[in-house]
Amino acid sequence: NAGVTQTPKFQVLKTGQSMTLQCAQDMNHEYMSWYRQDPGMGLRLIHYSVGAGITDQGEVPNGYNVSRSTTEDFPLRLLSAAPSQTSVYFCASSPPIGEVGNVLTFGAGSRLTVL
Amino acid sequence: AQSVAQPEDQVNVAEGNPLTVKCTYSVSGNPYLFWYVQYPNRGLQFLLKYITGDNLVKGSYGFEAEFNKSQTSFHLKKPSALVSDSALYFCAVRDLSGGSYIPTFGRGTSLIVHP
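Protein sequence lines correspond, in order, to chains A and B.
Just so you know, we're using my numbering here: the first sequence kicks off at 1 and counts up by one.
Just so you know, we're using my numbering here: the second sequence kicks off at 1 and counts up by one.
Please note that a few of the clues may not be correct.
Stated by the list, open to error - Footprint (simulated), chain A over chain B, 3 or more residues, beta carbon under 8 Å: (1) 23 to 31; (2) 42 to 54.
Stated by the list, open to error - With the Cβ distance kept under 7 Å, some of the chain A side facing chain B (calculated, not the full set): (3) Pro39; (4) Leu43; (5) Gly109.
Think of the hints as simulated: they come from the structure by calculation, not from any bench.
Predicted model only: the values in this text are computed from it and were never measured.
Using N, Cα and C, we set each Cβ at its ideal position, and we do this for glycine too.
Between the sequences and the hints, there should be enough to build the whole structure, so can you do that?
See below:
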């Protein structure tokens, strides 16, 4: 089925470990983004990309890196995990974000726990 | 700058009764407004959007929302609630005049429909 695929669904890390959350979409969407969802905080934008080779920071980028080498993939890297990064992470994509009324398609989420 | 507020953390309604989930926004120019729904352990799904035209927008699953420019509101409504409507609802806004391509999400409102 077409959509946004996130892996893994669940991950437990120890403080200081690194890992990569994978995100892939098969809809040829130009725009991709990563959000974190925390209780009472809603969705906060971490990083986003408007096309292959182009990335930019969102509201809460510290501690995370991204790259966009292809249109389909947008991995999120945690270089040195901290307990404050315990959260549920969502990847979302859309056709060019500047076009009128484009809506986001979200992945199912990745639940990360940092001990 | 753009912002959105969902003043209620939780809304409780009996099955069969009408429901309203509130959203107010702040933008410099004209807003694009969106509602998304998140069912337990799932990603967000698009419900409806307001771009221009008729202030009453109809969306998926019998939901509708009314755009009120004077009150800067975009409340989500449904005439008769179902238990299956129980979920987390997010309002989002984009301010076109500010050149922002990225939507800002509210903190979410938990809707609980009682049998």
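To see whether the hints hold, each was checked on the structure:
no.: 1; hint: 23 to 31; in the structure: violated (count 0)
no.: 2; hint: 42 to 54; in the structure: holds (count 7)
no.: 3; hint: Pro39; in the structure: violated (9 Å)
no.: 4; hint: Leu43; in the structure: holds (4 Å)
no.: 5; hint: Gly109; in the structure: holds (5 Å)
Hint compliance for this structure: hints 1, 3 are broken, all remaining hints hold.
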